[in-house]
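> Now for the letters of each chain:
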Amino acid sequence: MSTVGDTLNLIHPLVAKYLRRERMPHMACPGCGIGQVVHATLMAVDELGLTPQDTVWVQGVGCSSRITYSTWVGDNVDAHHGRMFAVATGLKMSRPDMNFICFTGDGDCGAIGGNHFIHACRRNLDVTAILFNNGIYGMTGGQVAPTSPLGAVTTTTPYGNIEDPFDMCKMAVAAGASYVARWRSTDFRQIANSVKKGVQTKGLAFIEVLLQCPTNFGRYVLKTSNPQEVVKWIKQQTVSIKDAEKLSPEEKKGKILYGEFLHQTDRPGIVERYQQLLKQHQKE
Amino acid sequence: MSSGVKPGRYFVQGDEAIAEGALAAGCRFFAGYPITPSSETSEAMARRLPEVGGVCLQMEDELASIHCIGAAAVAGMKAMTISSGPGISLKLEGLGWGIKNEIPYVVVDVQRAGPSNGVATRVAQGDLYTVRYGSAGGNASLIALSPKSTQEAFDLTIECFNLAEIFRCPVFLLTDETVGHTRELLVIPEESELKIVKRFKPTVPPEKFSMYPLETPEVIRHPFPSIGEGYGICVSPYTHNSKGYASTAQDVQEKMAKRLVYKVTAHLDMLTRVENQMMADAEYAVVAYGGDARPALAAVEMARAQGLKVGFFRPVIVWPFPDGEVLKVAEKVKKILVCELNIDGQLVREVERASKGKAEVYHFGSGGVEPHLPSQIFNELRRLFK
Amino acid sequence: MARQEVRFAGFGGQGLLLAGILLGKTASIYAGKQAAQTQSYGTEARGGASQCNVVIDDKEITYVGVVNPDVFVVMSQEAYDKLVGEVKEGGRVFYDCDLVKVKDNPKLKQIPIPSTNTAKDLGRQMVANVVILGAMAEGTKMIDAEHLKTCIKESVPPGTEELNLKAFEAGRALYGKAAGGV
Numbered sequence: 001m002s003t004v005g006d007t008l009n010l011i012h013p014l015v016a017k018y019l020r021r022e023r024m025p026h027m028a029c030p031g032c033g034i035g036q037v038v039h040a041t042l043m044a045v046d047e048l049g050l051t052p053q054d055t056v057w058v059q060g061v062g063c064s065s066r067i068t069y070s071t072w073v074g075d076n077v078d079a080h081h082g083r084m085f086a087v088a089t090g091l092k093m094s095r096p097d098m099n100f101i102c103f104t105g106d107g108d109c110g111a112i113g114g115n116h117f118i119h120a121c122r123r124n125l126d127v128t129a130i131l132f133n134n135g136i137y138g139m140t141g142g143q144v145a146p147t148s149p150l151g152a153v154t155t156t157t158p159y160g161n162i163e164d165p166f167d168m169c170k171m172a173v174a175a176g177a178s179y180v181a182r183w184r185s186t187d188f189r190q191i192a193n194s195v196k197k198g199v200q201t202k203g204l205a206f207i208e209v210l211l212q213c214p215t216n217f218g219r220y221v222l223k224t225s226n227p228q229e230v231v232k233w234i235k236q237q238t239v240s241i242k243d244a245e246k247l248s249p250e251e252k253k254g255k256i257l258y259g260e261f262l263h264q265t266d267r268p269g270i271v272e273r274y275q276q277l278l279k280q281h282q283k284e
Numbered sequence: 001m002s003s004g005v006k007p008g009r010y011f012v013q014g015d016e017a018i019a020e021g022a023l024a025a026g027c028r029f030f031a032g033y034p035i036t037p038s039s040e041t042s043e044a045m046a047r048r049l050p051e052v053g054g055v056c057l058q059m060e061d062e063l064a065s066i067h068c069i070g071a072a073a074v075a076g077m078k079a080m081t082i083s084s085g086p087g088i089s090l091k092l093e094g095l096g097w098g099i100k101n102e103i104p105y106v107v108v109d110v111q112r113a114g115p116s117n118g119v120a121t122r123v124a125q126g127d128l129y130t131v132r133y134g135s136a137g138g139n140a141s142l143i144a145l146s147p148k149s150t151q152e153a154f155d156l157t158i159e160c161f162n163l164a165e166i167f168r169c170p171v172f173l174l175t176d177e178t179v180g181h182t183r184e185l186l187v188i189p190e191e192s193e194l195k196i197v198k199r200f201k202p203t204v205p206p207e208k209f210s211m212y213p214l215e216t217p218e219v220i221r222h223p224f225p226s227i228g229e230g231y232g233i234c235v236s237p238y239t240h241n242s243k244g245y246a247s248t249a250q251d252v253q254e255k256m257a258k259r260l261v262y263k264v265t266a267h268l269d270m271l272t273r274v275e276n277q278m279m280a281d282a283e284y285a286v287v288a289y290g291g292d293a294r295p296a297l298a299a300v301e302m303a304r305a306q307g308l309k310v311g312f313f314r315p316v317i318v319w320p321f322p323d324g325e326v327l328k329v330a331e332k333v334k335k336i337l338v339c340e341l342n343i344d345g346q347l348v349r350e351v352e353r354a355s356k357g358k359a360e361v362y363h364f365g366s367g368g369v370e371p372h373l374p375s376q377i378f379n380e381l382r383r384l385f386k
Numbered sequence: 001m002a003r004q005e006v007r008f009a010g011f012g013g014q015g016l017l018l019a020g021i022l023l024g025k026t027a028s029i030y031a032g033k034q035a036a037q038t039q040s041y042g043t044e045a046r047g048g049a050s051q052c053n054v055v056i057d058d059k060e061i062t063y064v065g066v067v068n069p070d071v072f073v074v075m076s077q078e079a080y081d082k083l084v085g086e087v088k089e090g091g092r093v094f095y096d097c098d099l100v101k102v103k104d105n106p107k108l109k110q111i112p113i114p115s116t117n118t119a120k121d122l123g124r125q126m127v128a129n130v131v132i133l134g135a136m137a138e139g140t141k142m143i144d145a146e147h148l149k150t151c152i153k154e155s156v157p158p159g160t161e162e163l164n165l166k167a168f169e170a171g172r173a174l175y176g177k178a179a180g181g182v
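Residue numbers (the working numbering), protein chains in the order written: chain P, 1 to 284; chain G, 1 to 386; chain F, 1 to 182.
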């Protein structure tokens with residue numbers, strides 16, 4: 001049986017360095033944007049000098065997690081659907097010295113995991129969370145997600161979605177995160193920079209990436225399986241924060257903003273505060 | 001690490017004894033959500049854990065708590081959470097993560113009248129089957145211990161932590177509002193008298209280590225490396241092979257299921273603990289556990305005073321259920337009266353099953369709110385044991 | 001000593017829980033007896049009926065609850081009316097006569113103790129519970145008063161030891177006075 005990597009020059013150096021050979025190829029569909037985001041994440045890991053000894057990858061359930069789980073050469077801790085932030089809390093509070101890069105999805109974070117997401121932001125938990133937002137439930141076959149657009153036809157909204165989508169970045173800002181940004185899967189360098197910034201920021205870093213799911217979102221919502229068409233569509237829905245300043249309210253209507261929404265460094269989070277509490281009250 | 005508990009004599013509630021027992025066992029991580037009648041333990045942990053450098057968190061809900069402590073255990077901590085009926089129901093999915101990844105931690109259930117919210121402040125015994133079978137998917141053999149007093153609440157909490165490490169799994173302390181809220185004497189022994197089992201760590205390098213020993217399902221005291229120890233551990237909700245990689249293969253599912261069940265069922269000798277009183281010449285027996293145990297024992301003493309040859313039997317480790325010990329009782333006596341604080345019949349079903357028809361088994365159930373009065377049990381057994 | 005059941009009852013906030021705990025703690029830690037304390041409350045934290053039950057025995061306690069108290073310490077009319085019927089025949093009732101009017105009952109020994117007013121005279125109404133505990137201790141002699149005083153000193157909030165011991169002694173004296181008249 002041939003494995004990817006029989007010939008060294010077929011492997012991307014980042015994959016060779018940071019991902020488990022025997023777990024390649026990963027299970028993403030052809031054209032899925034997750035690969036781009038993982039690539040950008042590995043760039044950040046490499047540029048920061050993070051190692052398998054000091055960094056853990058944490059996941060939930062969904063495409064975000066199935067594709068990333070057990071690929072990192074270090075420790076991988078994959079939680080039940082929606083519970084990633086609760087697991088991240090237990091990990092970080094036990095090992096505040098380690099870095100945690102957490103992968104979650106629109107359903108994992110915005111639906112079943114909403115409560116844990118809100119409280120992780122409120123606690124300003126010192127981890128970096130990357131939201132893979134493909135606007136649909138991909139792993140389970142194309143059901144509507146809390147970030148699906150109004151009117152979207154999915155397997156559970158055959159007559160069109162009648163609910164407005166969540167703005168997860170606004171939620172993160174409102175709930176107390178320290179670093180909040182949104183990019184498209186094609187904003188390669190920016191995603192990598194944001195992950196770096198996130199890891200280096202004390203407190204909760206929340207990086208949302210709008211990414212193409214040709215298999216389900218493309219197929220059901222846009223009636224195309226062409227990943228480039230889905231990417232084009234995403235780009236048409238979005239406008240950068242800077243460019244939006246020049247637009248009128250009518251021009252901005254229905255557009256999703258992308259860029260860096262918030263970077264604050266002056267609000268201590270639960271990790272830091274708990275260390276203070278121990279300094280005061282620990283007797284031995 | 002010192003135990004963090006001070007030897008001495010105390011007059012405390014069962015809930016507080018549980019907190020001290022956890023600390024004595026080396027628990028340094030607690031996450032919970034307030035729910036009557038367990039909140040006293042959470043409050044005690046909130047005061048005591050920082051004193052010993054531990055982490056105590058009140059999470060946003062019951063689900064967050066169980067996932068959080070599972071993660072803390074993965075990060076190397078001895079961890080515990082506590083709840084009551086409705087909260088235990090919420091935790092069951094998270095419990096599955098602990099079961100299948102063979103994560104050692106302790107879950108305390110302070111049972112109260114149900115179903116649903118029931119009577120928050122009053123006792124019942126409705127969760128016997130929940131803790132054993134409630135987590136969906138089967139393929140597990142849960143361990144649960146049940147104390148009858150404040151002292152046992154302390155002692156058995158330590159035992160729960162020890163068994164969690166030995167069997168590398170979640171262990172339940174199945175208690176109730178009566179034991180949780182009654183204040184009684186607690187004797188905390190000298191540190192040298194405490195028997196604490198430490199986390200087992202690998203003695204072989206990562207490439208030789210099997211995170212989940214599917215090939216040797218009956219092995220116990222299996223090491224549990226943490227994050228950051230160089231073992232590149234993989235923990236997930238999926239059926240996994242011995243490395244922790246998700247698998248859909250039938251043989252992997254089969255091996256994993258057997259591992260999770262056999263590691264417990266192959267060691268029933270270590271997991272049998274019962275109390276027998278006045279059984280030597282008994283013709284009848286009364287069976288009860290937890291907060292209903294002592295009233296039942298009082299009733300048996302009343303019966304003996306009247307010349308009735310009744311004995312008392314109590315499972316201390318309730319899961320795995322002590323089939324062998326119950327069969328011994330059934331083979332000796334003519335009739336068994338099972339007392340418990342539920343109407344649907346849970347303990348009685350297990351006693352019936354384990355008796356294999358060797359004795360007649362009767363149920364004396366109650367909805368709860370109070371434990372049985374000794375006189376109530378005595379009247380019932382006088383009626384039945386003629 | 002055979003099994004003794006003691007019930008403290010009144011309305012929430014009177015400190016009856018503390019009184020019961022002091023009794024049970026003294027019995028089990030200082031006096032070498034077995035003791036178990038349980039409680040029940042009405043839904044309101046203050047003002048609702050509240051009960052604190054203590055069982056004391058020389059041998060292991062099999063039933064931790066109180067069914068028919070041998071001793072009933074009561075500080076509210078509502079609690080008296082509701083619960084006096086459960087007291088054993090020949091049992092003793094120590095009642096706060098500033099707050100409770102009793103019904104005549106030849107089967108019970110009902111001892112009036114003006115604990116609320118005594119506590120007010122001592123400067124803090126809150127210690128009425130310790131006053132009536134002192135009276136009960138003196139009247140029943142179920143636990144050595146010296147043990148109780150040791151326990152009080154070690155259990156009450158720091159800075160209140162002297163006040164609480166005064167209240168306890170005042171209660172003992174009150175029993176002497178009341179018993180003289182009974």
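Hints in this document: simulated from the structure, not taken from any laboratory.
Honestly, I wouldn't trust all of these hints.
Straight-line distance between alpha carbons at most 20 angstroms, and here's what the computed SDA-like set of lysine to any residue pairs gives [claimed, not checked]:
#1 P:K202 <-> P:H281
#2 P:K170 <-> P:Q264
#3 F:K59 <-> G:E301
#4 F:K141 <-> G:Y245
#5 F:K153 <-> F:T62
#6 G:K386 <-> G:E301
#7 F:K59 <-> F:M142
#8 F:K88 <-> G:T265
#9 G:K309 <-> F:K153
#10 F:K59 <-> G:P34
#11 P:K232 <-> P:A111
#12 P:K283 <-> G:E301
#13 F:K59 <-> G:A298
#14 P:K232 <-> P:L19
#15 F:K149 <-> G:Y10
#16 F:K59 <-> G:E51
#17 P:K283 <-> G:M278
#18 F:K59 <-> G:P50
#19 P:K279 <-> G:L373
#20 F:K88 <-> G:Q277
Since we're looking at a predicted model, the values are computed, not measured.
> Look at each hint and say if it fits the structure.
Hints and how they fare:
{"no.": "1", "hint": "P:K202 <-> P:H281", "in the structure": "violated, 23 angstroms"}
{"no.": "2", "hint": "P:K170 <-> P:Q264", "in the structure": "holds, 15 angstroms"}
{"no.": "3", "hint": "F:K59 <-> G:E301", "in the structure": "holds, 13 angstroms"}
{"no.": "4", "hint": "F:K141 <-> G:Y245", "in the structure": "violated, 70 angstroms"}
{"no.": "5", "hint": "F:K153 <-> F:T62", "in the structure": "violated, 30 angstroms"}
{"no.": "6", "hint": "G:K386 <-> G:E301", "in the structure": "holds, 17 angstroms"}
{"no.": "7", "hint": "F:K59 <-> F:M142", "in the structure": "holds, 15 angstroms"}
{"no.": "8", "hint": "F:K88 <-> G:T265", "in the structure": "violated, 51 angstroms"}
{"no.": "9", "hint": "G:K309 <-> F:K153", "in the structure": "violated, 48 angstroms"}
{"no.": "10", "hint": "F:K59 <-> G:P34", "in the structure": "violated, 36 angstroms"}
{"no.": "11", "hint": "P:K232 <-> P:A111", "in the structure": "violated, 26 angstroms"}
{"no.": "12", "hint": "P:K283 <-> G:E301", "in the structure": "violated, 47 angstroms"}
{"no.": "13", "hint": "F:K59 <-> G:A298", "in the structure": "holds, 12 angstroms"}
{"no.": "14", "hint": "P:K232 <-> P:L19", "in the structure": "violated, 30 angstroms"}
{"no.": "15", "hint": "F:K149 <-> G:Y10", "in the structure": "holds, 17 angstroms"}
{"no.": "16", "hint": "F:K59 <-> G:E51", "in the structure": "violated, 36 angstroms"}
{"no.": "17", "hint": "P:K283 <-> G:M278", "in the structure": "violated, 47 angstroms"}
{"no.": "18", "hint": "F:K59 <-> G:P50", "in the structure": "violated, 38 angstroms"}
{"no.": "19", "hint": "P:K279 <-> G:L373", "in the structure": "violated, 50 angstroms"}
{"no.": "20", "hint": "F:K88 <-> G:Q277", "in the structure": "violated, 30 angstroms"}
Checked against the numbered hints given earlier, the structure breaks hints 1, 4, 5, 8, 9, 10, 11, 12, 14, 16, 17, 18, 19 and 20 and satisfies all the rest.
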